[in-house]
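These are the residues of each chain, in order.
2 protein chains.
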Amino acid sequence: MNYFSTNFTLGILGGGQLGKMMLYETRKWDIRTNVLDPSPEAPCRIATENFEVGDLMDFETVYNFGKKVDVLTFEIEGVNVEALEKLENEGVKVYPSAATLRNIQDKGVQKQFYKEHQIPTSPFKVYKDKNDLNEAIVRKELHFPFVWKSCIGGYDGKGVSIIRSAEDVIPLSEGACIAEKLIPFKNELAVIVARNPSGDVITYPVVEMEFHPEANQVEYVICPARIDEAVANKARAVATKVSEAFKHVGLLAVELFQTEDDEILVNEVAPRPHNSGHYSIEASFTNQFEQQIRAILDLPLGNTDSKVGGIMVNLVGAEAHTGQVVYKNIEKILAMEGVTPHIYGKKETRPFRKMGHVTIVNKDLNVARKIAEEVKKTIEVISK
Amino acid sequence: MNYFSTNFTLGILGGGQLGKMMLYETRKWDIRTNVLDPSPEAPCRIATENFEVGDLMDFETVYNFGKKVDVLTFEIEGVNVEALEKLENEGVKVYPSAATLRNIQDKGVQKQFYKEHQIPTSPFKVYKDKNDLNEAIVRKELHFPFVWKSCIGGYDGKGVSIIRSAEDVIPLSEGACIAEKLIPFKNELAVIVARNPSGDVITYPVVEMEFHPEANQVEYVICPARIDEAVANKARAVATKVSEAFKHVGLLAVELFQTEDDEILVNEVAPRPHNSGHYSIEASFTNQFEQQIRAILDLPLGNTDSKVGGIMVNLVGAEAHTGQVVYKNIEKILAMEGVTPHIYGKKETRPFRKMGHVTIVNKDLNVARKIAEEVKKTIEVISK
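Residue numbers (this note's numbering), protein chains in the order written: chain S, 3 to 386; chain B, 3 to 386.
These aren't lab readings, by the way, just hints derived from the structure by calculation. One or more of the hints may lead you astray.
Pairs involving identical chains hold if they fit within one copy or between any two copies, as the list cannot separate such chains.
Stated by the list, open to error - Here are the simulated lysine-lysine pairs, BS3-like style, with alpha carbons at most 25 angstroms apart:
{"no.": "1", "residue 1": "249", "residue 2": "88"}
{"no.": "2", "residue 1": "95", "residue 2": "330"}
{"no.": "3", "residue 1": "334", "residue 2": "95"}
{"no.": "4", "residue 1": "334", "residue 2": "69"}
{"no.": "5", "residue 1": "130", "residue 2": "249"}
{"no.": "6", "residue 1": "160", "residue 2": "372"}
{"no.": "7", "residue 1": "70", "residue 2": "386"}
{"no.": "8", "residue 1": "334", "residue 2": "356"}
{"no.": "9", "residue 1": "349", "residue 2": "70"}
{"no.": "10", "residue 1": "365", "residue 2": "379"}
{"no.": "11", "residue 1": "70", "residue 2": "243"}
{"no.": "12", "residue 1": "188", "residue 2": "160"}
{"no.": "13", "residue 1": "365", "residue 2": "378"}
{"no.": "14", "residue 1": "88", "residue 2": "243"}
All values reported here derive from a predicted model rather than from experimental measurement.
Put together the whole structure using the sequences plus the hints.
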């Protein structure tokens with residue numbers, strides 16, 4: 003198949019920032035794309051040959067969109083899987099597959115999948131609804147503290163809570179959920195795995211999420227993780243095992259915990275380019291978006307090594323600011339060495355909305371880490 | 003001025019590959035763009051908020067386009083300068099300025115400019131037309147061999163000839179021209195200089211054009227050039243002097259000769275991103291297209307150092323192939339380490355048409371050079 007400057011068309015479900023960054027690569031290779039997103043203002047509205055507005059969860063919309071493309075992918079998990087299944091049956095290549103997505107979309111199913119495949123993960127139980135969960139607490143089958151996760155729709159920290167008392171249960175949503183054992187960990191790590199339909203598999207270096215000491219929020223994604231090589235190798239091995247179990251095609255971002263005794267547990271996965279891989283645009287020989295294109299088009303996978311150390315800081319909307327966005331002091335961070343801001347192109351900021359990210363690269367990772375701190379102190383995402 | 007996710011609009015005259023690669027950066031920063039190009043199929047037809055089809059040499063077209071933007075730049079020298087002058091007078095920021103372009107567009111004026119500013123360049127004479135040139139030859143004021151250059155419109159080797167005999171003069175065009183002394187050189191080098199309206203100036207490392215030993219065609223652009231540090235420093239100093247003389251804003255690509263006794267002579271300049279800087283997308287901390295945006299928007303200039311060694315190979319249409327393009331063996335070069343093809347998106351190939359380029363990066367430049375040779379041997383730009 004010839005993809006370059008031809009009528010071959012790649013369909014992308016979702017037109018957010020991940021899609022936008024994927025479009026840099028399709029433009030670089032002159033691969034035609036169609037993008038579907040519910041918002042006419044989505045970041046992908048330009049830089050694609052064809053942008054359509056429509057509901058990603060609607061069967062007919064997704065099916066009709068998929069019929070017009072040669073390969074279909076998604077940049078968000080919340081898409082209509084039945085439509086993907088029908089498209090697959092009718093010969094459209096859907097990567098990652100509908101089956102992979104089914105195993106991932108529902109966190110209960112996902113955890114069960116790990117258990118069945120002997121993939122290390124924290125102990126858990128699935129509850130069909132909130133009532134079921136409450137009864138388990140009352141019957142003392144489930145003890146505080148535990149980690150509650152909604153089976154469906156969790157994203158960017160939504161749908162996840164640490165439950166320490168009966169009071170914490172009250173605000174939880176009604177739907178199916180899982181309760182996981184709260185495991186103290188040394189580090190939160192992530193490994194991105196790429197796999198193509200030919201079965202070639204490659205992993206990116208392990209990245210580390212550095213948390214704010216008080217706020218318990220990820221502040222920096224650091225590549226490579228500042229961990230022992232043996233632990234890094236173990237993390238990459240676990241991620242590869244997950245990838246092989248899913249037999250996914252495309253990228254699989256595997257979020258991991260490094261426990262206090264250096265065990266590696268799988269937290270959850272995302273079958274797409276991932277926030278933890280944004281550093282790769284500036285730091286890696288092959289960035290994750292190009293790698294995604296290589297993988298789903300069954301092209302040879304690219305080198306995942308880094309040219310330089312990389313650190314990523316998310317740009318999220320400041321508290322108490324809603325309205326037309328202003329990136330205050332952006333010119334100051336542009337004066338810092340090896341600093342590249344990425345602006346996703348959302349016109350309106352809201353508290354904690356992901357508006358962009360900043361990558362800091364340096365041959366010395368410690369220097370990059372110091373500059374990253376300056377970046378974080380300097381830039382502010384506020385409203386006009 | 004706030005450029006990011008606002009209504010600020012950057013106008014770009016010319017929608018070819020240089021513009022296309024500039025648009026990766028405007029998308030990255032969500033800077034609005036309008037692009038004008040004569041071809042509805044130009045590579046910039048997408049990824050810009052507004053694409054207009056029109057003649058770049060037509061006063062009214064350029065003027066009307068310029069009136070709708072806040073800052074106007076160009077990615078090709080062949081634009082209507084009178085329109086730029088009028089726009090400047092009416093308060094539109096035009097970078098590089100109309101004056102810079104006037105000093106560069108005509109090669110006779112450009113050479114005269116070097117002479118006036120004590121910038122080292124090969125000896126030359128300007129002739130107002132072909133008749134004038136012929137008379138100088140007859141009168142024995144001008145001796146074979148010499149380098150003939152058309153004053154206007156030379157591009158990519160067109161409008162330049164080495165004249166060794168009266169016979170070589172016959173096919174030359176009629177217009178104004180210059181005759182330059184043919185100076186044997188060790189190396190053809192280039193330095194890209196960036197300058198912002200605040201007057202900050204920065205140079206990229208010196209790159210080297212490696213020629214095919216027989217065909218006398220540039221085969222590889224190599225960064226850094228494999229030359230002595232003293233020569234490299236001299237080349238950067240000369241390029242900086244050129245930049246200061248022009249007081250240009252934006253990028254200035256300075257093409258240089260290293261003579262047999264290590265003198266540095268200015269060959270010619272281009273006031274825009276340049277083929278000799280394409281390696282920077284993969285190899286540099288700040289690529290030339292981002293640097294161009296930084297410079298013309300008066301943002302701080304970025305680090306011009308390289309992360310890794312970089313080599314660039316142009317992808318030009320194979321001889322005897324005209325028609326719908328096929329990139330034969332592209333999947334083979336994608337399997338080579340550190341190899342990134344760029345496909346400009348021209349649907350039709352023609353002999354020697356610039357269809358794309360390939361960058362090869364490696365921590366070891368010698369390894370990159372070997373892989374570059376494999377790339378060149380492997381990929382073919384042919385028609386269907």
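A quick look at each hint next to the structure:
For a Cα distance limit of 25 angstroms, the shortest separation of residue 249 from residue 88 inside one copy, 20 angstroms, qualifies, whereas the shortest one across copies, 62 angstroms, does not. In this assembly of identical chains, the alpha carbons of residue 95 and residue 330 lie at most 25 angstroms apart only when taken from different copies (23 angstroms versus 44 angstroms within one copy). In this assembly of identical chains, the alpha carbons of residue 334 and residue 95 lie at most 25 angstroms apart only when taken from different copies (23 angstroms versus 46 angstroms within one copy). In this homomeric assembly, residue 334 and residue 69 never come within 25 angstroms of each other (Cα to Cα): the closest approach is 47 angstroms inside a single copy and 30 angstroms across copies.
Neither within a single protomer nor between protomers do residue 130 and residue 249 lie at most 25 angstroms apart by alpha-carbon distance, with minima of 28 angstroms and 71 angstroms respectively. Taking the shortest Cα distances, residue 160 and residue 372 never come within 25 angstroms of each other, neither inside one copy (30 angstroms) nor across copies (50 angstroms). In this assembly of identical chains, the alpha carbons of residue 70 and residue 386 lie at most 25 angstroms apart only when taken from different copies (24 angstroms versus 41 angstroms within one copy). Taking identical chains as interchangeable, the C-alpha atoms of residue 334 and residue 356 lie at most 25 angstroms apart only when both belong to the same chain, with a minimum of 20 angstroms there against 38 angstroms between chains.
For the identical chains of this complex, residue 349 and residue 70 are inter-copy neighbours only, at 21 angstroms across copies versus 30 angstroms inside a copy, given an alpha-carbon limit of 25 angstroms. Proximity of residue 365 to residue 379 under the C-alpha cut-off of 25 angstroms is restricted to the intra-copy arrangement: shortest distance 22 angstroms within a copy versus 33 angstroms between copies. In this assembly of identical chains, the alpha carbons of residue 70 and residue 243 never lie at most 25 angstroms apart, being 34 angstroms within a copy and 56 angstroms across copies at closest. In the homo-oligomer, the alpha carbons of residue 188 and residue 160 lie at most 25 angstroms apart inside one protomer (23 angstroms), although the nearest pairing across protomers, at 63 angstroms, exceeds that limit.
With identical chains, the CA atoms of residue 365 and residue 378 are at most 25 angstroms apart within one copy only, with a shortest distance of 20 angstroms there and 30 angstroms across copies. For a Cα distance limit of 25 angstroms, the shortest separation of residue 88 from residue 243 qualifies neither inside one copy, at 29 angstroms, nor across copies, at 65 angstroms.
Violated hints, in rising order: 4, 5, 6, 11, 14; the structure is consistent with all others.
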